[in-house]
Amino acid sequence: MVLQWKFPAKKVQFLRIELVTVGLLGLLILILTYLQFTDLLFAFMFTVIFLGIYAILSYLSQLIRLVEHQYQVTATHFEVLRKTRFKTKKEKVALKEIKHHKLDPLFLGGYLVSKHKRHSLYFNTKRELKEFERFLKKQGKR
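For any residue, its number in my numbering is found by taking its place in the sequence shown, counting from 1, and adding 1282.
Hints are supplied without guarantee of correctness; some may be wrong.
Unchecked claim - Below, simulated BS3-like cross-link-like pairs (lysine-lysine); rule was C-alpha separation at most 27 Å, straight line:
id	residue 1	residue 2
1	K1381	K1292
2	K1288	K1384
3	K1374	K1397
4	K1288	K1397
5	K1419	K1374
6	K1420	K1397
As the list claims (entries may be wrong) - Taking CB as the label site, the calculated pair distances span:
id	residue 1	residue 2	range
7	H1398	G1305	18 to 28 Å
8	G1308	L1363	14 to 24 Å
9	T1366	L1322	22 to 32 Å
10	V1284	Q1344	26 to 36 Å
11	E1413	L1306	27 to 37 Å
12	H1398	T1320	55 to 65 Å
13	T1407	K1365	18 to 28 Å
14	T1366	A1337	34 to 44 Å
15	T1407	T1320	19 to 29 Å
Everything labelled a hint here was simulated from the structure, so no lab data went into it.
Ideal Cβ positions, reconstructed from N, Cα and C, are used throughout, including at glycine.
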């Protein structure tokens, strides 16, 4: 059995952790601007300007960098192909070398710790994360 996925999917614009952070910063800007000017219109205006600038810069950085991760897990190996516009890096780790793994279903990420280094994991959906976790448990990696 082979498990494969690509990150980011074409439909993913922002990561969940990114949305939470930007949302909290937007709320902070809204509150501080309201306390500074005591006018709700200015507070909303500055918050919308901040969110707009962030969205534009994020979109431009995604266009420039073009990051893609391709994951493939087989019964014996875990393979990652990381591509950016400027370089490609391939990592292959035997599943028996994996000592520990941690997955975060809220932010759709995680990592594997092998004998040599830590390998970051990114998922598009909770379904992908659950399938990967099931696969690791099936292979005896708890």
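Hint by hint, here is what the structure shows:
1. K1381 / K1292: 32 Å, violated
2. K1288 / K1384: Judged against 27 Å, a Cα distance of about 19 Å means the pair holds.
3. K1374 / K1397: 12 Å, holds
4. K1288 / K1397: Holds - the C-alpha atoms of K1397 and K1288 are around 25 Å apart, at most 27 Å.
5. K1419 / K1374: 19 Å, holds
6. K1420 / K1397: 21 Å, holds
7. H1398 / G1305: 18 to 28 Å: Violated, at about 37 Å.
8. G1308 / L1363: 14 to 24 Å: 35 Å, violated
9. T1366 / L1322: 22 to 32 Å: 42 Å, violated
10. V1284 / Q1344: 26 to 36 Å: 28 Å, holds
11. E1413 / L1306: 27 to 37 Å: For L1306 against E1413, whose Cβ atoms are near 31 Å apart, the range 27 to 37 Å holds.
12. H1398 / T1320: 55 to 65 Å: 57 Å, holds
13. T1407 / K1365: 18 to 28 Å: 21 Å, holds
14. T1366 / A1337: 34 to 44 Å: 21 Å, violated
15. T1407 / T1320: 19 to 29 Å: At roughly 44 Å between Cβ atoms, T1320 and T1407 fall outside 19 to 29 Å, so the hint is violated.
Figure legend: structure checked against the earlier numbered hints; hints not met, in rising order: 1, 7, 8, 9, 14 and 15.
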